[in-house]
Structure formats: structure tokens, C-alpha cells
Amino acid sequence: MNFKEYKNLDYAQVADEILKFWQDENVFQKSIETREGNPTFTFYEGPPSANGTPGIHHVMARAIKDIFCRYQTLKGKQVKRKGGWDTHGLPVELQVEKELGITKEDIGKKITVEEYNQKCRETVMKFTDQWNDLTEKMGYWVDLENPYITYENNYIESVWHLLQQLYKKGLLYKGYTIQPYSPAAGTGLSSHELNQPGCYREVKDTSMTAQFKVKHTGKSAFLFDDLQSDAAELFILAWTTTPWTLPSNTALTVGKNIEYALVKTYNPYTFLPVNVILAKDLIGKYFNEKGKDGDFATYKDGDKIIPWTILSTCKGSHLEGIEYEQLMPYVQPESAAFRVIIGDFVTTEDGTGVVHTAPTFGADDFRVAAQNGIPAILVKDESGKEMPLVDRRGRFVAEVTDFALEYVKEAYLTDEEKEVEREKQNRDKYLSVDERISIKLKTENRAFNVQKFDHPYPHCWRTDKPVLYYPLDSWFIRTTAVKDKLIALNNTINWKPESTGTGRFGNWLENLVDWNLSRSRYWGTPLPIWRTENGDEEICIGSVEELVNAVKHALKDDVLSAEQRTKNEAFIAKVESGNHDLHRPYVDEVYMVSASGQLMTRELDLIDVWFDSGAMPFAQWHYPFENQEVFHQSYPADFISEGVDQTRGWFFTLHAISTMVADSVAFKNVVSTGLVLDKNGNKMSKRLGNAIDPFDTLKKYGADPTRWYMITNAQPWDNLKFDLAGITEVRNKFFGTLTNTYNFFALYANLDGYTPTGNIDLSIATELDKWILSKLQTLIKEVDESYETYEPTKAGRAIQDFVCDHLSNWYVRLGRRRFWQGEVTPDKQSAYETLAYCLKTVAQLMSPVAPFYGDWLFRNLTEDTNQSVHLTDFPKAQEAWINLDLETSMDLAQRICSLVHSIRKTNRIKVRQPLSKILIPILSEKTREQIRSVEDLIKTEVNIKAIEYLDDASGVLSKKVKPNFKALGPKFGKEMKAVADGILAMTNEAIAQLEQTDSYLIPDTSYQITKAEVEILTEDLPGYLSAKDNDITVALDITITPELKQEGIARDFVNRIQNLRKDSGFEVTDKISIQLLDTDAEVSEGVREFKDFISQEVQALSLEIVSELSDGQEIEFEELTLVAKIAVV
RNA sequence: GGGCUUGUAGCUCAGGUGGUUAGAGCGCUACACUGAUAAUGUAGAGGUCCGUGGUUCGAGUCCACGCAGGCCCA
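Start counting at 1 in the first sequence, then tack on 1032, and there's your number in my numbering.
Fair warning: there could be bad hints in the mix.
[Said to hold, decoys possible] Computed list of lysine to any residue pairs in SDA-like fashion (alpha-carbon distance at most 25 Å, straight line):
hint : residue 1 : residue 2
1    : K1039     : D1833
2    : K1112     : S1063
3    : K1949     : E2114
4    : K1052     : Q1861
5    : K1201     : E1352
6    : K1247     : K1201
7    : K1251     : G1087
8    : K1715     : L1122
9    : K1472     : R1494
For the record, the hints were derived by calculation from the structure and aren't laboratory data. The model shown is predicted, which means the values in this text are computed figures rather than measured ones.
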């Protein structure tokens, strides 16, 4: 066959051509079809959202996914990969609102929910084309024809089915969580709403440090032991900017590693002696330095300087479990409370390092209390429902007798209301609840410090009034109930890197809270739960069929109004015609009737979009309504990969849903990838203008160099500092070298018309062939194992090293002359077969990472024009071809050559000047044999005539020993230094003795050593120019005899003629004639002497030395200028 | 503030289980080579292995405490 030769290869064009080939020949489909019946390898695609444009980091993420799917395909697995789109959620809603110029407030007013959702549906797939384009151009194989789309009815139906299963298992419940809430507007606020400009404002609040009285129990005994008086009272200090939450306090939270101090002092308001506990670092904020260790005896009430002294200190962890008295006992909790707990959110930035914890009014408080089994303080409203001590309008409930029905924030009162209150209070000025609580506690000796405090506080964007953190209803999944199972199953997952699984994910599971499923939005999967108004009866729907049945059932009753009946009938009609939509508002307009004959309406919440994506193993196949078999074949996934930021996102939701529903992991192997940063390590952003356009990059550099760079530069889980210069480097260094190597092969194979058979015949293989074959087998094993263990970086780097260092720079460079020979000899044949086999194997090994180029290279070497590298089987290493002895020999050869080059260089003797010999001291017979087997290579490479070996018998060898610390260490331990000194002092005779008897006693000591405990090296040879690299020493005989000089001249002459040929534009195959003007006797003599050699090298049919030459060309030759003439014959 | 992670040459990165001289590529300097040439070879300059303490005969490697960057969470 004819091998294509390339000049200035454009890798983007390679990708285009191969892409077209894939499309024309349906290679992707074939790669799946040809594996029909084989074991499957399942990959789950984490769905991207197509409402934004793809970035360069998506190329990275998808390259990782692609690599292992392609690899497993090569290994014979059938790898189906269904694409998918994430279509619900806030980002879509925000984008629509931006485009329409509306806010959430306008939904249902300026625009109907129907219209709004229609717009979301259109917007979310806006950039699908760009995504598909990128997918193709980067060579990512994923099924884009039949992707799963989370907004489709079938998908939603599967999600409902999952939710119903959770419901049936009792894992779905309605509860409350602490959320930002605006009493003035009567609505909860999303975190997004709180992040709008102007929401956080500086306000001046009454802040108070309260004293919580410690009970004397076993847990607190150690503190009481430190007190100097038995009668003294002991308090824990906690600070708050919301004194109105103090009646709801049920716990005090401390940091486990924070150091706390027990301080003896006086209360500044009551002047009573007190002992208080607070963080040691914060003492300076509460106590005047002048009072430190002051005189307690002379202290009088009202003294400005209050004496204080530290009695003891301890870590927060020691305080855990200490009980204290309830501070404001209006309402009692249902179970045991009022004790010290540990929380990770405690700081010593302000306050006392102790956080007053009211589970009803703080998200942290709620969480940490729940984790420690601390109850909240609740009362029952008129309908018997539990509620906190503050009602939905922001007023204390009646049970808080002193402040019953008063607004907890001054800002909620109008001026008129304030005036009424002022009169009630009988004061000059209205005092807020916070202020009066402070006064009350001051008089009770329970306030240690009260002051105004400026801080930013969030406000409602609609009413401008302060927000409260308030318990609001939500639907939850009881993930805490399956925590142990989640952890146990997680331990069976192979995480790359491991730390993400054990650390980030493992810790997250350890500290799990129930999954808040509710979202008060419009565009998303509706919660399929219908409820009676009082919540006594409810139903969770698990399919469209159930929904329709329930609706039909409702129509039988006469509970529904005429309008409700009409809506129900309309819905049924739509389902029957296949026009239905399971989104809002349609499902909201469906009414059911409970068993007891009450109206049931849908809970208006949508579910967290993360549930959508976590449901994909089931919902992508519309399981269990369709595709049962496909589902079972592809569950759980063998492999998934996403960014590490998905740990608590997709990774968790996949894992949680699978665990709860199927009692199984969702994925067996997961690669969590790092971020793609700009070249300076900054996050890429369109705003900063440092974002890299993936399309430009692929177009300019090609997909393969881009992918190769990303994979080999950093491990997938490390952040990648993306630098375009790096792609250039990879392109020139790796792809350039590989292409050159291929071109070299193609050039000569075409000249000879040789087509490799694909059979390696070891009987005609040279040492060099056997060596590269051995190296290649080792490479196959290494690459196979790296891919198998999800280490693409190792695989890529190994391939790169093989191609650049071994194949190109050693095998081809040393073997070049073999290809120049005239006819196809067995030797040449072996060279062709070996090189072609190496290239083809490299193409296979690299194809998962560089799918286009790999295929291109493979196809260039393959006759069958329909064949693709991606349809082949992964190469199997031929263990029998691995020859470690030979690899050691070649390593010696490389090092010896390097040493000789180095000596030549320092003595300015060019490689073209042949030299007579090198001398190599030999310490063992084995080394001699190893070098001998590659002697010819060395001689050719460094242009010397002979290698002489020097052993002990030569008598000129001078040796040196170095201690082998690894061997000596365990034996001598502390005596190491003395032993090492003794070894370094060994004489030649001592070394000889050690070598012969394998034993040596270091003089004047009892240290006996053996050969294995030292390293014996040779010293430089006296009288020769030598160089040394660890255990190898080489000496070079630089005597240039007249014969050698002549040969040097001949070689130089060859070189000049070759240059002339090239400059004259002759073809490699052209035969020439040479005429040389007789200028210098020595040169002429040399040329004459080596006429045959020269003629053969430059393919000259004639070579004459003439005394006259009119139209010759001048050649620089050492200090001379020669004149020669060459012509094609 | 918490969890995880990274820190080695100007840049990008290697450096099983501790072993005394810490490597590679790119870049830089000089020289060489030139029928694979957007290459290649040789030599050179370039290091507080983030810091401090500890364990050890011996620490880039193990331990503790910090510092700086990143991600997630609060």
C-alpha cells in the first residue's frame, strides 16, 4: 500500500476529516453494535443545562468521560452512553425573567404561569446547537439522538414514581426549616432574593451578653472545683444581637477547639461576685486590663475598675454536656434541653465564643440542635399546630407573658402603634422588646453586658422591613433515616481521588440533615402530593395513570365545585389526547377527593432540581413504565465523572435516591474533576475576560492536542492552569514527533514499496528491535493498568515518554541507516515491521485520549479504509517479548553514549571524527555481557572503533566505595555515622578484601560489613579523558591516527555532499556524479582512500578528483574552501 | 469558622513503603548536528522542596502547629 506523507499537518483538519469518516461510517454506532452480547460498561451522563454556552472546562470534563468509555469499548465492553439535559431550576427562571424584564412578583399578574413556563421551556434548550457542536468537534461520543430531558412528561412520571416509593417507605414528610422570612410581607425569601443589592443594611440593634447559670453536676464539677468559694455562682456568657430570641433558647454552642477561660469577677450592673466562662481570646473585649488580678478585697459597688482573674482554662470539648438553668422560663421544652453542645460554626471573632442557640430562629441553631437531640421551644396555636414563640406577623405569642402580642422588632410598628405602646409602658420613650428584655435580665443578675451594636442585617426587598429567620413548612426526605446505609454503600464506591469520597463526601454523609425538597417556584417538577386543607389526609401520586384515576374518582363525588369539575375533565381530556403537561399550572388545576370526602389540592411546592438529575438512572429510561430490561442492564453505573463541586450535588442525589429506592449504589467508580483556571490560577469568567473560548481553541489547535494537553498536564482532580502555550508545546513535542516518526516510516516504506505484514519475526529482529518491542510491551501493560484504574494522566505521560524518548529519539535515530539500505533485506524488513507495529500500537493506546489523531494514525497504517482504531481490541502485552536484561543493556548504552558525547564535547572533537577506542571499567561479568550485546550500537552512535573492558586483572582499576544507607541503617542505627566514615576511608586493598571475602571489619571498631552494604564504584582512569555517571565510568582514547584523520575527512566530505544534494533539491533516490578540485593534499588523500564509502553514502556513481573545475560550488571545509561539482546522472 | 485539597527550578509537573548528589519538559545561555528538521545532541545557569517545631542515625517524604491559594459549606 501507499502510505500518505504529510507536510505541515493541521490537527484541526485531521479532526474534521476523521469526524466526517465517523459520521459517514457510523463508527460510534458500530462501536456499540459490534460489542452486542458482550459485558456492558455503563456510564451515566451528568446532564448539563443548555441555557448557557459551553466553556473550555466542559471540554476537560467531557474528555475524562470520553476516555474511559472509549477505553472500555476497546476492551470489548458494550458502552452505551445516553446524553441528557438538565432543564429545570432557578437559573432558567432568572434568565427568562431577565429576558422578559419581569420579576417573580409579576408571575400570575403580568404573565400567566402557563406563559411563563412556556417561555422557560423554550429558553432552556436555547444553546443546544452549540452544545451539540462542541460535543462533535471535541470528539466526545455520547448519544445525542435520544437524550433524556428532565422536563418531559415521561421523565417527570418516573420522578413521581420514585417520590411515591419514598413516600410509601415513610421517607417523605412535611416539616419545617429555618428560612429567611418577612413577617411584614408574610412570605419566605430565597437566598437569591436576599442577595439582591440593598437588602443588607447597617442597623443598630441592642446586643446583650447574657449569663446562663451552670448547674452543679458531674459534668461541671471540675469547674466548680476551680472556684475559690463554694457558694459562688457560675455562669456561661453568650452574646446575641437578637435578645427577643432568648426565651426560645434551649442550648449553648461552643467550638471544640476553642480555649475557654473561667474568670472570677463582679457583675457590672448588680456588683455581685460572679464566675463566668467565655473564650480566652475574647477576654480583652469584656475586661479592662487594669483590673487584671485586681484586689477583690477592696472592691466597692460601682467602682470603675472591676477586678478579675482567670481561675482556669479548658478546651470547648470539655464543656460539652454541661447543664444550665433556663434563662427566661416562659415555656418549657418537650424534652431535656439547656446544655452545652459542640458546633463547627462557633468563632471567636465577636461575642464570647459561646453561641446562644434558639432552634426556631437560626439555621445553624436548628441544625446543631437537631444533631444533638435538643428540642425547640414550641407552643400550640388555636388549631393545635405547633408554632414558635413568635407568630407569623412577628409578634410574641401570649405565653410569653411579659411581652405577649408585642412585635419583636421595633421596625414592625408604625409610629401610631409605638405611641400606643409607649403609653402602655408608661415611659417617655417607647422601649423595644429587646431593650426591655435587657433591663429585665440586668435586674435579675443575668446580663453581663448590654450595648448598641452596628451590623449589617438583611431586609425584605418588598417591604424594607427586617427579615426574621423563621421556621417555615417544607417537604423533606428523611435521608437521616438511611444515613448508615448511605455510609456503608459509599464505602464500596471507588472514588478518584479517594479523599473526595472519604473526606468531602464521607464527612458530608456523617453530618447529614434531611433533604429539603421544597422549592416555591414555577418551572420544575411539581410535588405529586395532594392534601386536604387540614392536612389530615393526603395522597402521593406515582404515575399519570394513578393521577387520572384519582381525578376520575373525584368526579364521581359531588364535593367538587362546577369549576373544579370542569378543570378535572379538561385535564383528563388532555391526557387522553396525549396533550397533557405535568407542569404547573395544569397539575395545580387538578382536584381530588379524600376517603372521608374532603377536597384535596396539590401542595404547591416544586421539588429541588437536584432530585431530577439524581433520578436519571431510572428516569432516563422512563423506568418502570418502559425499558425495564435496558434499565436493569445499565444499573448501577460503572463509571461517572463530574466536577468536585458536584459532591453535594449530583453525586449525592444519585447516591441518596439509589440507596433509598434500590438499596444499591448508583455508581461504582467516580472521578471528581478539578477546576479549569486561567494560566495565572484565577477562575475564568466572562466578566474578567480571561475565559477561553472552546470553539476557537479547538479550531486553532485541534481537539487532540487540546485534550492531550489537558489530560497530561495535571491529574484530573487537580485544578488545571489552562495555558494555550501548553497546547502548542504538546502539539510540537508529542504530536510533532509522532507525526515525524510516521512520516519517516512512510517515506522509506513508499520508496521500497514495502507493506508491513503485521507479523513480527523475532528471528530477524536486531537487538534494537527487540529492545523497542520489549519497551512497547511494558508500555501496553502500564497504559492498560492506568486506564483501568482511572489514571489517564499516567497513561498519557507514559505514551508520550515512549514516543519521544524511546521510539523517536533512540530507536529511529539509531536505526535510520537501516532504512537507507538499497534493497529490502531481512534486517530492513524487521525494521519496517517493528516500527509499523509500534506506531499502530501507539495509535491504539492513545486513541481514548486523542480519538481523532489516534484514528488518523491508525488508518494511515491500515489498508482497510473502513477500519477505525475505535473498533479494534486493546493491544495485549506479549510477556515473552519483555526482556529486562536487554532494557538494562540499552540503558547502559544510552548512558555510555551520553558520557562519550560529553567527553568529545569538552575536548572539541566532533562526532564525525572517528576515534579508536573507549575503555570501560567493569565490576562484574554481567555488566560486561550487557554492554557487549549493544556494543555495535554504541560504536556507531559515538563513532568509535572499539570498546575495551578493564577488569581487576588489568591492574589499572581504582575503586571507591559508598555506604548503602538503606542496607546499613537498620543494622547500625545510631552508629551509622561512624560506620559511614569507616567505609569512606577504605583503601583499594580493603575494597579488594571485601570483594573477595564478602566481609570487612572496619579498623578499630566492631563493625563488620558485607558487599551488599556498600556500593562499589570505579574511579577515573589515570592517563585518559574520562567521565562518570553513577556506577559507569568511560574513558576515551582521543589519539587521532592518520587513518582516523582520513576517515574523519571522508565523513565530513560526505556531510558536505549531502548538504549540496539537499540544497540542489535532488530527490533522495537520485544518483549523482561528483567532481572535486584537488586543493589540499590531505583532503584529497582522505577522499581517495574512502572513495567507496563516500560513494555509497551519497549514492555517487562516480567520484573524481580533478585538477581543474570551472563551474563547481564552493564548500567550507574546516579552515579550507573546497570546490566541487555534483550532478544527477 | 468547618471539611477537603494544593504548595518542589522563571513556568508546567515527576518524585512506592524515610536512605545522604531532588529530577523531567518548556523557557534562558553557549556549543554542536543537519536526507525525521516547527526537530535533535551536549554543556551551563537556575531550588530556603511554603514556614516553624518534632520523631529518626537519616525527612521533599512521617507527625504537630501555622502561612498562602483553590473548592464546597456556614
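Next on the checklist: Which constraints among the numbered hints does this structure fail? Numbers only, ascending.
Outcome noted: 4, 5, 6, 7, 9
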